[in-house]
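> This is what each chain is made of:
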Amino acid sequence: MTVVKLTPIQQRRLANFRKNRRGFWSLWVFLALFGLSLIAELIANDVPLVTYYKGDLYFPVVESVPEETFGGFLPTEADYRDSFIADEIEANGWMIWPPIRFSYNTTNYNLEVPSPAPPSTENWIGTDDQGRDVAARVIYGFRISVLFGLILTILSCIVGVIVGAIQGFYGGKIDLIGQRFIEVWSGLPVLYLLIILSSIVQPNFWWLLGIMLLFSWMGLVDVVRAEFLRARNFEYVKAARALGLGNRKIMFRHILPNAMVATLTFLPFILTGAITGLTSLDFLGFGLPSGSPSLGELIAQGKSNLHAPWLGISAFISLSIMLTLLVFVGEAVRDAFDPRKN
Amino acid sequence: MSQLLEIKDLSVTFDASIPAVQRLSLRINRGETVALVGESGSGKSVSALSVLRLLDERHASYPSGEIVFHGEDMLKASQKRLRQIRGRQISMIFQEPMTSLNPLHTVEKQISETLALHKGMRGPQARSRCIELLELVGIPSPEERLNSYPHQLSGGQKQRVMIAMALANEPDLLIADEPTTALDVTVQKQVLELLKDLQHKLGMAILLITHDLSIVRRYADHVVVMERGLLVEEAPTRTLFEDPQHPYTRRLLDAEPPASPSGAMVNNKALLDVDSLDVRFITRKSLLGKPKAWFQAVEKVSFSLNQGETLGIVGESGSGKTTIGHALLKLTGSTGSIRLAGEELSHLDQKAFRPWRSRIQIVFQDPFGSLSPRMSVAEIIREGLEIHAPATPEEQDRKVVQSLDDVGLDPDARHRYPHEFSGGQRQRIAIARALVLQPELIILDEPTSALDRTVQKQVITLLRDLQDKYGLSYVFISHDLSVVRALSHKLLVLKNGRVVEYGEASGIFSAPQHEYTRELLGAALFYTR
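Protein chains in written order, with my numbering: chain W, 2 to 343; chain P, 15 to 543.
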């Protein structure tokens with residue numbers, strides 16, 4: 002196999018993408034932030050990265066070490082933040098801590114002021130009203146938002162493109178029925194459904210994803226459908242049919258590449274939509290289960306604790322940076338696929 | 015004769031790249047028709063547009079030259095002055111009548127707009143002038159037509175309305191940019207005759223831009239030949255046609271296709287037999303899906319074709335000729351019998367028909383639209399092989415190279431993409447795609463109408479050679495009778511979906527039986543004599 006060879010069109014698009022400096026750098030900054038958040042366990046955690054105790058090396062981040070190992074009494078996992086264990090380990094070896102010594106659900110019991118505590122050397126941007134470190138929660142919350150957004154975007158793209166392709170390609174009755182169904186479906190109130198659902202099951206990440214997916218796939222259908230409706234009468238599609246190609250191959254090989262341009266241009270905006278969707282559900286309290294790190298929940302805390310501005314401000318800044326970066330990337334992608342630019 | 019317009023030393027560049035027009039000089043006298051001739055990309059339209067300064071001046075600039083009209087340099091004129099000249103002293107008609115009229119305005123509104131603008135004519139006065147103009151350009155019952163919208167007019171009528179608009183203020187100079195290319199031959203002749211007639215009546219000069227030399231021969235007084243932005247030859251029409259000096263002019267004049275088909279491979283084995291073919295498009299359905307109204311595109315068409323033979327199908331746009339081609343390939347539904355090599359095909363569904371597709375292939379009109387832009391030439395040609403003749407990649411590659419060689423393209427070109435090729439080369443690629451499956455019948459749907467005259471001749475020569483080499487049969491669909499004559503053994507003349515005349519091509523060309531065929535031939539061969 003040879004290395005992926007770019008067609009001249011793709012090369013031109015890449016050059017156009019690079020030419021949009023803002024979008025190009027936004028992409029790199031975003032990828033760096035996302036990459037860092039993926040290894041959030043190594044940045045913000047309530048267990049040390051490496052522990053050396055009486056000649057043995059332990060990696061508490063990846064393994065569960067019982068307290069007994071460090072001279073405690075319990076067979077459960079050691080609490081390294083407990084001064085008894087910490088002193089014991091420090092006396093007989095050493096520990097390397099991550100830069101932030103809290104995980105998203107670690108309560109800081111050593112606060113000198115009632116929570117929410119303002120920023121200090123220990124909690125860089127303060128704690129929330131349950132004494133949990135805001136910095137750690139922002140990092141984990143960023144990760145969960147972006148992952149949620151990415152998975153939802155990819156899945157709704159797949160569904161949306163398939164539905165749009167079928168409607169556009171076959172047209173006629175299929176198209177008519179599909180369009181009417183979408184009109185009815187998009188009239189359903191998503192929020193009420195979620196409220197009803199949350200009284201039946203405890204919504205977790207996957208439940209939320211599934212429910213949002215039920216409604217988010219419709220965004221792309223119109224674009225892809227229009228592309229397919231247009232392209233199915235192109236002469237090269239007719240030529241392919243005259244060669245004996247089946248419907249599926251014609252759709253995949255000849256029409257889909259054209260429809261993908263419209264899809265890719267839309268992608269970053271669907272992603273931002275998915276992220277704000279999750280955030281607003283969390284804000285209203287119908288989102289992720291309580292205790293999970295979530296930017297929406299942080300905003301809600303900021304609202305109810307106006308005397309602790311670090312809550313609202315840090316949620317606001319992290320959300321706006323994330324969304325701004327994605328919008329800039331989206332603009333660059335749109336530029337790259339603009340056929341009028343050369 | 016007094017001089018009306020003089021272009022001196024004009025150069026035009028776009029975004030500081032290579033000049034589109036270089037040092038062009040020409041002059042037009044009052045009442046004279048000057049033809050600007052050249053192939054696409056020769057800069058003829060750019061020169062014409064720059065007379066009225068209609069080019070987008072954010073990109074276009076004029077490094078040198080002047081355009082003197084009535085002693086005034088247009089290149090130095092203010093926008094206000096230009097607006098006074100445009101439509102009043104110099105008018106223009108464009109190639110595409112479909113898009114040059116505003117679809118939301120009535121005919122009266124479009125014509126009276128220029129009247130109000132330049133002459134301040136309004137109300138009943140403007141209305142009577144509109145009627146007068148429509149009469150002048152030969153539109154029947156002009157009073158009723160005043161309230162028509164463009165979509166209610168035929169192509170020829172739209173072009174007539176365009177001409178009426180251009181003539182509304184009795185201009186001194188009319189610039190006609192390919193005024194008839196989008197029209198059928200019979201309409202083309204009417205429009206050109208009209209222009210000539212009006213020129214006599216009004217004494218205006220015409221700058222006629224065209225790539226069709228037969229038009230030039232009949233209607234121009236003076237010819238200017240352009241090649242890649244340069245003027246290569248300029249002479250009175252008769253001198254130019256009798257004694258062309260420049261090799262490029264000679265090449266253009268030689269591009270007339272040969273007058274009869276080659277018959278090297280014709281034998282009497284019947285290949286295709288079509289009997290009472292019907293195609294109708296349903297336009298309205300009842301609630302239960304029963305068709306209530308339909309458009310009969312093809313009605314009771316029968317013909318047969320032997321091996322190595324070409325059937326020419328001619329007719330004007332909307333006559334159903336392309337529909338017949340699509341019906342043969344089952345790209346559109348039809349009733350009636352289609353027999354290929356003695357086997358009945360009409361009852362086969364798409365799946366059962368698939369193996370037959372390698373035996374019937376098609377080449378489309380538009381070489382820019384018929385090749386998938388995201389596939390390399392090799393992928394395009396190989397696609398059919400993957401379905402009909404699965405083989406090792408090496409074997410497929412060998413076949414691709416062979417077919418590219420057959421159509422006269424460098425086999426190394428197979429790794430490039432369609433957009434890197436010219437129109438003629440793309441049409442060769444399209445032919446190679448059809449050829450690689452070794453079909454017995456190729457349907458050629460206007461394969462040359464989007465090409466320049468010289469390229470057209472090359473493609474026709476190629477098609478003739480391929481027919482001689484492989485004994486192919488063609489169904490050749492075209493509105494251009496001179497091209498049809500060069501290839502067809504048999505001829506089918508269509509009008510409104512019905513066969514008007516069918517028989518040996520030579521017989522029909524020499525002695526047409528039907529009135530409509532005579533009209534068609536009269537309009538077309540008119541020029542070539």
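By construction, these hints were calculated from the structure, which means they are not laboratory data.
Even for Gly, the Cβ is constructed at its ideal location relative to N, Cα and C.
Do not rely on the hints blindly, as some may be mistaken.
[Unchecked claim] Derived pair list, reagent style DSSO-like, types lysine-lysine, alpha-carbon separation capped at 27 angstroms: (1) Lys413/P to Lys55/W; (2) Lys299/P to Lys174/W; (3) Lys413/P to Lys250/W; (4) Lys413/P to Lys174/W; (5) Lys283/P to Lys210/P.
[Unchecked claim] To give an idea of the chain W side of the interface with chain P (calculated C-beta under 10 angstroms), a few residues: (6) Asn17; (7) Gly56; (8) Gly94; (9) Trp98; (10) Pro100; (11) Arg102; (12) Gly172; (13) Lys174; (14) Val224; (15) Leu244.
> Hint by hint, say whether it matches the structure.
The hints, checked one at a time:
| no. | hint | result |
| --- | --- | --- |
| 1 | Lys413/P to Lys55/W | 74 angstroms, violated |
| 2 | Lys299/P to Lys174/W | 13 angstroms, holds |
| 3 | Lys413/P to Lys250/W | 22 angstroms, holds |
| 4 | Lys413/P to Lys174/W | 42 angstroms, violated |
| 5 | Lys283/P to Lys210/P | 50 angstroms, violated |
| 6 | Asn17 | 16 angstroms, violated |
| 7 | Gly56 | 62 angstroms, violated |
| 8 | Gly94 | 61 angstroms, violated |
| 9 | Trp98 | 53 angstroms, violated |
| 10 | Pro100 | 47 angstroms, violated |
| 11 | Arg102 | 53 angstroms, violated |
| 12 | Gly172 | 14 angstroms, violated |
| 13 | Lys174 | 9 angstroms, holds |
| 14 | Val224 | 18 angstroms, violated |
| 15 | Leu244 | 4 angstroms, holds |
In this structure, the hints that do not hold are numbers 1, 4, 5, 6, 7, 8, 9, 10, 11, 12 and 14, in rising order.
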